[in-house]
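Asker: One letter stands for each residue in the lines below.
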Amino acid sequence: MAIVSSDEQVAIFAGKRSDWCAQEGSSRPRHRRPRRIGPAAILRIEGFVHASGARQMGMKQTLEVINAMEADGIIGRYAIGGAVAAYNYIEPTVTDDLDILLSFRETADRSKSKLITLSPLFAYLKAKGYQEHRKEGLIIEGWPVQFLPVASDLDAEALAQAQEVEIQINEAEGAVWTRILRAEHLVAICLRVGRPRDLIRITQFLEEDAVDLSALSELLRRHHLKEVWQAFCNRIGIADPCHIQREP
Amino acid sequence: MSQIIYPDVSNILARKKEGRREISRRSLGEKIAMVEAMRERLAPLKRIREERRANQKSAALNLSNKAAPSSS
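Protein chains in written order, with our numbering: chain Z, 337 to 584; chain U, 21 to 92.
Be a bit skeptical, because a hint or two may be false.
Label-pair ranges, simulated between beta-carbon atoms [unchecked claim]:
1. U:Lys86 <-> Z:Ala496: 49 to 57 Å
2. U:Glu42 <-> Z:Arg441: 39 to 47 Å
3. Z:Glu468 <-> U:Glu60: 14 to 22 Å
It should be emphasised that the hints constitute simulated quantities derived from the structure, not laboratory data.
Glycine residues also receive a C-beta, built at the ideal position from the N, C-alpha and C atoms.
Chain Z extracted, bound-state conformation:
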């Protein structure tokens, strides 16, 4: 819940000061001093309390928490991956969790050890009251969130090239800014993971013409996924739409 310090009325996100500044119903990371606003405005802008007095939970609030983590330096750049990112391009299917691909900011301690740990992230969220886990996800504002640190060159490229989008889930709540992986990276990551549901998602991208085939072809070549792609095409019985075999 948002609170207000006595000496300075600044937006405090879920009990801790944040460098976030909500403006005009949108929430985008701003690395500047928060503007002074009153407690009622804080509650309204942060979306924690509905006009009826009921606490709001949902994807917008989940993304606001993650955006605050980025603004507070707990995580580096992040982007939505998995099924929720696929919603940006294809017909949605129900999913259990929100996949967040993320990087960490280089710190003096970490540059020495090169060890990546999610402990500070979980400690930060625990301090804000988010400590319930469901399967592999941590529940944040009603959505189980799975934090996936960058673990390959493909992940790193996908995160670097993720596109910034503004999502408006409903008019009353306003919009929230976030990043979404590009369609070609989502397909390549699905191919690498290779569960049946991932392969179904690839076929959806192809069927709905939601992927740039020449960009995908280049991506598969660059990340050594050509053979896996051909195996996928053989398995589902389609002619290779990327024409990888014909390439020199």
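Knowing the structure of chain Z, use the given hints to seat chain U on it.
Answerer: Structure of chain U alone, referenced to chain Z:
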């Protein structure tokens, strides 16, 4: 021997396909709102499924405990 005549459902399938395409064209926010509503509707079914799985798991565990020879 009578021959079964099945109805032509190609129109229905075409309409369903167009419906899926229409949903695909919606904005990300609209799709998320759809899924959040769907999750709410499915929550009771999911809870029942999880309870059933937990019961099956505990029943299987009880069976294997009974089948295992005692260590004493």
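Asker: Does each hint fit the structure? Answer for all of them.
Answerer: Okay, the hints, checked on the actual structure:
1. Separated by about 56 Å at the C-beta atoms, Lys86 of chain U and Ala496 of chain Z satisfy the suggested range of 49 to 57 Å.
2. The hinted window of 39 to 47 Å between Glu42 of chain U and Arg441 of chain Z holds, with their beta carbons roughly 42 Å apart.
3. Separated by about 18 Å at the C-beta atoms, Glu468 of chain Z and Glu60 of chain U satisfy the suggested range of 14 to 22 Å.
When each numbered hint is compared with the structure, no violation occurs for any of them.
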